[in-house]
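Position chain G relative to chain R; hints supplied.
Chain residues, written in single-letter form:
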Amino acid sequence: MKALKGLLRKEGYHILRDRRTLVVLLALPVVQVVLFGFAIRTDVNDVRLAIVDPAPDRATIELRNRFASSGVFRTVAVVSRTADLDPLFETGAAQQAVVFEAGFANDLGSGEPAHILIISDTTEPNTGSLVQAYALAVIDGYQRGLPRRSAPAMRSAEAGANAGVAIVPDVRMRFNPTRESSNLFVPGLMAFVLTIISSLMTAISLTREKETGTMEALLVSPLRPWEIIVGKVAPYLVIGFISVIAVLVEARLVFRVPLRGSVALLLFEGGLYILVSLSLGILISARTSSQRVAMMGALLGTMLPNVLLSGFIFPVESMPAALRIVSYAVPGRWFVLIARGIMLKGVGLEYLWLETLILAGMAGVLLAASTRSFKERLE
Amino acid sequence: MSDVAIAAKDLTRTFGSFTAVDHISFEVRTGEVFGFLGANGAGKTTAMRMLIGLLAPSGGTARVAGHDVYTESEAIKRSIGYMSQRFSLYEDLTPRENIRLYGGIYGLTRQQIRERTERMLARLGLAGVADEQVHSLPLGWRQKLAFSVALVHEPRIVFLDEPTSGVDPITRRQFWELIYEAASAGTTVLVTTHYMDEAEYCDRISIMVAGRIGAIGTPADLKKQFGVDSIDELFVRLARPTADRIPNPESRIPDPGAAPSERRQ
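One line per chain: the protein sequences are R and G, in this order. Going by our numbering, the first sequence opens with residue 1, and the numbers climb by one from there. Going by our numbering, the second sequence opens with residue 1, and the numbers climb by one from there.
Only chain R is shown next, with the shape it has when bound in the complex (with noise of 0.2 angstroms):
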C-alpha cells in the first residue's frame, strides 16, 4: 500500500510537472464546451430572407410580420419580380424566399387555393430543410389565426396545389422545445473529453516508461501488475472526473444545459466509461512501444469511434446498417445514450439498466483484457 503511495505521488509529480499538458487537459473541456455550443448548432436563427410580394395586401403584410417577428427570420429585402430573387441567391445575401402571389388576401377569401412559393438554399442540405420547416410552420401559425370559415376552402385547396406550395392546414412540426442543440452535444462531449484523458493519456503515460526504460524497472521490482496499473491510471481517473464535473457546470451556466436525473448515477456511470477508456489506453500501449505510436492508436482506436459512431455529432440512425452495427462495440455509444437519459430525460437505472450493463460489461472485459496485456509483457 506504501509502494502504490509511492507511485500515485510520483505520478502525481509528473502530471504537475509537465504544464503544458497540464494545462491542455484542464483547458480542453472548458474550451470544448464553448467551441461545440456555439460552433456545432443544429437549430437555425438569423435566417436571411427574402420577400416577393408584387401586390403587398391585408395578408401578405401579415405574414411578413410574422416571419419578421419570429425570431428566426431576418428580413433582408422585399422585391417585386421572382427574378430579383436571382442576384440575392447568388451572393448569399438571401438563404430564403418567400413568394406571394398578387391577389393573395383575395383568394383567401375566396377560397381559391392561395399559393405561397419557399424557396431554399440548399447548399447545406439540412440547414436548407430545416429553415424550410421554420417557414411552413410560421405559415402554419398564421393559418390557425385565421377566421373559421376559410379553413375548409383551403383545405379542399390543398388536392389541386401542387404546382406551388399551398398553404396546408395539415403541415406540422414538432419542435425542440428550447431548440437548443447544446442540451443534445454535452453528452457527446464528455464522452468525447473522457476519451482524451482516459484513453489517449494513459495510453501516452504507459509507453513513455517503455521508451525511458522505467517501465522494466517497475516490473523488475516487487510491485504488483495491479500496483503499477492502479499507480499509473489512478490520477487520471480523478483528472477525468474533473472534467466531467467542469464540464457540466459550464454547460449549466453558459448554456443552461439541465440536469434532470441524478448527479450521483451520472457520475456512476462516468466512471464507468472511465474505467472502459483507460483499459483501452492500457491495451493500446501494451502493443505500442513508443509514444507516437500509441497516440496514433488512441485517437484512430478509440477518438474517432466515440466522435464519429457514438452518436454524439451524426446519429446512429441515420447510418448504413454495417455502421450502425459497428457502433454496437462503440463505449461512447452506450454512455452518450445514458447520459441523455439522465440529463435531458430524467430517468434513472429503471430505464437504464440495459446501458448501464453493458457499460459495465465492457469494462469488465477490457479491465481483464489489459491486465492480462500487462503481464504477458514479461513472457
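Don't take every hint at face value.
[Unchecked claim] Derived PhoX-like pairs (lysine-lysine); straight-line CA-CA distance at most 20 angstroms:
id	chain 1	residue 1	chain 2	residue 2
1	R	K210	R	K375
2	G	K223	R	K375
3	R	K2	G	K77
Because the hints were derived from the structure by calculation, they are not lab data.
Same frame as chain R, but now just chain G:
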C-alpha cells in the same frame, strides 16, 4: 545463505525459430563481480532478463539468490536490484524523489529512506542538486545516481545491463569504484558490457557468442588459456567466426547444420 548467488543450468530462450540463449550454464559466487561479455545481440541481455524475471525461460533451470526463476520470482524480485541501459530514473523527478520512490516501492521505512538518501547524496556528491530535476544533471551523474538507486534496498545481487554505455572514460572509472564498493559490502554484481577493458575489472567473466558461452573464467586464466595478451584479443577471436556471418543476430536465420570448421574460415 549459500555462497552461490546465481546458478544457471542449460538456460535457454527461443524467439520463434531463433535461439537467443542456447543452453548456458554458469555460477556466480556471492560477493563476486561477474562480467557478462558479448557482442551486441550475443544474448547477454536476454540471459539477464530471464534471471531478473522480465522474461520467462524456454528451458533449463536457474536459481537467483537461492530462489527458482520459474516459481519464486516474487522472492527473487525482493533480493535483487536492477539498472537498465537506460538508467531507470524518472527525469522529471529530483534525485531525492527518485530515491524516495524506489525506497517506497521496496518497502523501506520513512526513517530508512531518509537516512539512505542523505548517505547516498553525500557519497555521490549530489547534495547540491538533490532538488534539481534529473534531466538537468549530466549523464555521468545520472548513471551513478541510478546505480545507487538500484541499491537503495540493499539487495543481495545487483544486475547492471550495460551500465556504462555512452559515458566518458573518467566517469566509467568512477562508476567502477562504486561497483567495487558495493561488492566489498557483500553485494554480488552481475554486469553486462561490451567494453573489453572493463572485463579486466571483473573477478570472473563469461564471453557469450551467438547465444552460447564461449569462454568463462577469471580474466587472467582466460588470457593464459587462450594464449592472448588481452581480453579484447580473446573476444575478437571468439566472436569473429560468427561475427562475419551474423551482422544482426535479431534477423539471424538459425543454421544448425553448418559445420564448425566451415564457420572458422
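To see whether the hints hold, each was checked on the structure:
no. : hint              : in the structure
1   : K210(R) x K375(R) : holds (14 angstroms)
2   : K223(G) x K375(R) : violated (43 angstroms)
3   : K2(R) x K77(G)    : holds (17 angstroms)
In summary, the structure is inconsistent with hint 2 from the numbered list given earlier, while agreeing with all the others.
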